[in-house]
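Take a look at the letters that make up each chain.
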Amino acid sequence: MYSFDIKKADSVAAAAALITQTGGRPLAGGQSLVAAMKLRLAQPGTLVDLAGIAELKGIRRDGNALVIGAMTRHAEVAASAEVRAAIPALAALAEGIGDRQVRNMGTLGGSLANNDPAACYPAGALGLGATIHTSQRTIAADDFFKGLYETALGDGELVTRVSFPIPAKAAYVKFVQPASRFALVGVFVAQTSGGVRVAVTGAGSSVFRAKAIEDALTKSFTAEAAKAVKMAASGLNSDLHGSAEYRAHLIPVLAARAVATIA
Amino acid sequence: MGANDSGPIGQAVRRREDQRFLTGAGQYTNDVVMAREACAYFLRSPHAHARIRSIDSKDAKAAPGVVAIYTGEDLVGVNGLPCGWLITGTDGKPMNEPPHPVLAKGKVRHVGDPVVMIVAETLNQAKDAAELVVVDYEVLPSVVNVVDALKPGAPQLHDEAPGNRCYTWALGDQAAVDAAFAKAHHVAKVDIVNNRLVPNAIEPRAALASYSRADESYTLYVTSQNPHVERLLMTAFVLGLPETKVRVIAPDVGGGFGSKIYLYAEETAMMWASKHVNRPLRWVAERSESFISDAHGRDHVTHAEMAVDKDGKFLALRVTTTANVGAYLSTFASCIPTILYATLLAGQYATPAIHCEVTAVFTNTVPVDAYRGAGRPEATYVVERVANQVGVDLGIAQDEVRRRNFIRTFPYVTPVALTYDTGNYDATLDEAMRLADVAGFAVRKAEAAKRGKLRGLGYSSYIEACGLAPSNIAGALGARAGLYEAGQVRVNPTGGVTVFTGSHSHGQGHETTFAQVVAGRLGIDIASVEIVHGDTGRIPFGMGTYGSRSLAVGGTAIVKALDKIVAKGKKIAAHLLEAAEADIEFADGKFTVAGTDRSKAFGEVALAAYVPHNYPLDKLEPGLDETAFYDPTNFTYPAGTHICEVEIDPETGVTEVVAFAACDDFGNIINPMIVEGQVHGGLAQGIGQALLEQCVYDRSSGQLVSGSFMDYAMPRADDLPSFKVGTKVTPCTHNPLGAKGCGEAGAIGSPPALINAVLDALASVGVKDIQMPASPHRVWQAIQAAKAGTAAAA
Amino acid sequence: MSIPLSLTVNGKTVTADVDARTLLVDFLRNDLALTGTHVGCDTAQCGACTVLVDGRAIKSCNVLAAQVSGARITTIEGLAAADGTLHPMQAAFKECHGLQCGFCTPGMVLSALDLVAHHPHADERTIREALEGNFCRCTGYQNIVKAVQMGAATMSK
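For the protein sequence lines, the chains are G, R and V, in the order given.
Anchor point for the first sequence: position 171 equals 171 in this note's numbering, and the numbering is continuous, going up by one each time.
For any residue, its number in this note's numbering is found by taking its place in the second sequence, counting from 1, and adding 263.
For any residue, its number in this note's numbering is found by taking its place in the third sequence, counting from 1, and adding 1057.
Since the hints were derived computationally from the structure, they do not count as laboratory data.
Some hints here could point you the wrong way.
Cut-off 27 angstroms, straight-line C-alpha distance, at most; resulting in silico cross-link-like pairs (BS3-like, lysine-lysine) [unchecked claim]: (1) V:K1151 with G:K7; (2) R:K1031 with R:K708; (3) R:K324 with G:K38; (4) V:K1151 with R:K987; (5) R:K713 with G:K227; (6) R:K987 with V:K1069; (7) V:K1151 with G:K8; (8) R:K708 with G:K227; (9) R:K716 with G:K230; (10) G:K7 with G:K57; (11) R:K356 with G:K7; (12) R:K390 with G:K38; (13) G:K219 with G:K169.
Among chain R residues calculated to face chain V with C-beta under 10 angstroms, some are [claimed, not checked]: (14) D436; (15) G519; (16) S553; (17) G944; (18) Q948.
Note that beta-carbon positions come from the ideal geometry of N, C-alpha and C, so glycine has one too.
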């Protein structure tokens, strides 16, 4: 690791100020950031540790939405009775992130802000049409994920909480990349008040909505309808674990499996 | 087994080493601490192939905390790393053996080739300094696979190896094979790739090298499977030091699987440098460094053909293999695809004629050497894939095609230079079929089909040559060292027994198994037996642990030393009991005058040896401490049958191993619990090879694509089923323990069983071939290709 | 940059000033000589470095010591009784031959404890899935799974 300083913040305002002052980076669970720093792939001069900020934690029901604090750990979401009752698909998604130890450290806010192209939470947020609350504003999930490891967050802007509208039905099916156990392809399907939403992770440079499958499922919310959709391979990721064609094939297959669990 | 065997032999004694491992008290190389340590860090080539124009380390030398910086040119008097086995080619010439510098000289030949050693106070300082070293590279075209490397005009790695050839070597009677093919009813053919693997012991390689000015000696703690071999190679071949001045200690070692047999560049450079900086030097590989610096395994491309008669009887086997040895010859690289490979191509079958030609090729990749099984998994994969193909082609059931060809008369001389001493292949096949519930397979397959899944069953009847090795045979085949083992048994005055063994335990449980042998043979409490290994300063000599040799060879050396102890003990007892030596019998820890109740306990005899007040000093030395070297007269031949059952989701290509049965014949078993554990571990590695693991280089850049656990799929608990394992015993005929070895069988037998099962499952959708690993992507592609083929044909 | 650290390790309070970049595993191994916690990879996958932080299993090679200041840490050295009597989970690993080279073992045992805390009666499948974050290259996992089951059963008595 390169040398750096670490500062602890006890409020969102203090954290944002520290980050602006130092040009530093926020440290949530650190499961991606510390790993990158160890490999000397990231070189922050200052880390601002968010772990002590009480207002970033917790899970609560707010009307027809679940509101989850940015520093809520994956294991907490997975185990939460509130989440399991309201959006079981989100609890299941959290239960499938990384492994037990990673889930005990990694956080919702950290995952969304990192926007790893193969991460699970972006699919959940986009699939449910979540609203991301930051230290400065609110951003619709549809506007949040901008590209490979890129989000709408500005410098010094922190995710504070995420509001997930409770869907009529939702399911997430993750097809794991056998080595990393990230999503080779992950598909989140939800019947929301705004219609059917299908979000895909792992397949592209960033999470995206599969409009063709959404349209098909709007007409007929059945596994057969999802599976009948042909996805184009162009623009999809290709690596030693799967060609773009394979990923394109998996998207409707996984969407159909998701639908099959809830239709 | 003799009359002296009793007590713990054959029992599932719980391991004595576990207490320290379970409480965090194990002492691995990186747990050893010395005063005034500095850190070593290796700056490695980022390129697959490049000429080094210049290295500028001026700024780096001035960086904070830097103690010293060395390049290949600085290592004056340091020779290249040696290869321990000379292969003579079909042209009668010795193999091409280009230099393997400890730090690169003039050129780098693979990503990860060490170029500069930086010594600094802390690792962070060493890494900071490394970023200031400027290496000016002229990047050259690279070649990473054997097919490309043999093409005319391919990039040339070494001037000493024209066409990138190391050797072309052959074994067997080509004329006899040609004749058999000419009259064959059918020829079954397979084209197979044995995928390159990364060993990935969970403990990364590490070293702590120090120098003492007081007696001009060196001490090296290192993650090694064979510290004496490490010392021998390092002193005699590379550094030109007397062995008497070097102590190599391999303390607790966290797994090896072959990758810790070899003499590596890092510890060699550190030994040399520890004197120059007069400080102990520590280096621990980071995992990403392990991927590009630990010797890899396998990497063969093979075409094989089996000629058969109308009944499926094997008439002749013809095999052509191209083996990737990587950028340089690692310590035993040359003998793996030859001596440990082609000699096993008879398998369990009475194939009358076999011919194999092997071409070994240099490429811009990490050196390839032995990895669990070493040559024998590659041979088994060839034999069992082609045997499977015979069954498929002729419509003969897979167990039946094997039975029609089994060897049943022993000793059996194969057409590929080995003599099998004993075996019972029907017994292991029968038991494996029972464990696998082959009879119920059709019902399970039909049930799976109802769920849209494809079930398949695959067989593999393997054999291996273990217990390496008769030194005279090995020497005639090119070995540059002996392959015996040493054991010393020191009976202490109060009867406790310290055993010094040249075998090395890095997970195998020798501290328990060997103690069982000693306690059983001497009829004493196992708690009074201490096993010492892994230290050239304490152990007379040793060749180390690999090739499933520890019990068969290392254990036998201990038995031979025990025999000497008992023989001397009889002399002492005869004196104490005032009887003739010939009348003394030893059993159950007592020396008894035959036919009487007059006896002396083992402990009394030991005490008399060390307190020789009433002792035949005129005829016998005091003390009870004996050493034996044991050189085996033959290899041992563990064998068995593995049966794998898979279920494939044709929609996604996912293969699940739903059941795996293995029945093995390891000869006599000392500790069945440990043997079963060895089988489990081997199976996991073999299944890993067939299902998950693949080391992939980018063909144009030569970069290692699967360079971390993010891309190299290690088998996890949920990738594997619970194995059903069993054993059958035909004792080895030529060592006193009757033991054959069990460490590698799982990794040898399982890959073809799994792939044959996948092919069986996919037969119904028209897939005829698949390469390892049978990843979801690859299975899906095979299904698509078969569908397209069917469509095109229709 | 030096930062103050105060935490409880195996029941003992520890205070130190460490470089900000000190990983928890390095603090445990180098400053406290608790060398039972091992490092097997650099991408937070192998799990050899697993310790318990406030009862939760985490990978100490991927967490800064500063991140856990104030926490209660349990390492493999903190499980057995003072007289050397093994914790039931340790004893189960020995009884079931759930270890060979021993390098992954400390992390495996601590992961198992986190698992058992959440799933005291886990079946084989659940155990296999829950050990996803721990690699073992020696055992093929079968005896580890058996050991976790036995350890869980003993602990629930």
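Going down the list of hints, with the structure as the test:
1. For the hint linking K1151 of chain V to K7 of chain G, the alpha-carbon distance of about 44 angstroms lies beyond 27 angstroms, and the restraint is violated.
2. Between K1031 of chain R and K708 of chain R, the direct Cα distance comes to roughly 19 angstroms. Compliance with the 27 angstroms bound is thereby established for this hinted pair.
3. Restraint check for K324 of chain R and K38 of chain G: the C-alpha separation of about 23 angstroms stays at or below 27 angstroms, so the hint holds.
4. Between K1151 of chain V and K987 of chain R the CA atoms are separated by roughly 21 angstroms; this keeps the pair inside 27 angstroms, and the hint holds.
5. Restraint check: the Cα-Cα separation between K713 of chain R and K227 of chain G comes to about 19 angstroms, which is no more than 27 angstroms; the hinted pair holds.
6. Restraint check: the Cα-Cα separation between K987 of chain R and K1069 of chain V comes to about 45 angstroms, which exceeds 27 angstroms; the hinted pair is violated.
7. Pair hint K1151 of chain V plus K8 of chain G does not hold up; C-alpha atoms about 43 angstroms apart against a cutoff of 27 angstroms.
8. As the CA atoms of K708 of chain R and K227 of chain G are separated by approximately 26 angstroms, the hinted pair is consistent with the 27 angstroms bound.
9. Note on K716 of chain R and K230 of chain G: the hinted pairing holds, with a Cα-Cα distance of about 23 angstroms set against a maximum of 27 angstroms.
10. In summary, the hint linking K7 of chain G to K57 of chain G is supported, as the alpha carbons are separated by about 19 angstroms, within the 27 angstroms threshold.
11. Using a Cα cut-off of 27 angstroms, the hinted pair K356 of chain R and K7 of chain G is violated, with the two alpha carbons roughly 67 angstroms apart.
12. Of the pairs offered as hints, the one joining K390 of chain R and K38 of chain G holds, with about 11 angstroms between alpha carbons and a cut-off of 27 angstroms not exceeded.
13. Restraint check for K219 of chain G and K169 of chain G: satisfied, since their Cα atoms lie roughly 16 angstroms apart, inside the 27 angstroms limit.
14. Checking D436 of chain R against chain V by beta carbon gives a least distance of about 40 angstroms; that is not within 10 angstroms, so the hint is violated.
15. Here the hint on G519 of chain R is kept, as its CB sits about 8 angstroms from the closest CB of chain V, short of 10 angstroms.
16. Contact between S553 of chain R and chain V, as hinted, is supported at the beta carbon level, the nearest pair being about 9 angstroms apart and thus within 10 angstroms.
17. Interface hint at G944 of chain R: satisfied, since its Cβ lies 5 angstroms from the closest Cβ of chain V, which is below the 10 angstroms cut-off.
18. Evaluation of the Q948 of chain R hint against chain V yields a held restraint, the C-beta minimum of about 7 angstroms falling below 10 angstroms.
Going down the numbered hints, you'll see the structure goes against 1, 6, 7, 11 and 14, while the others check out.
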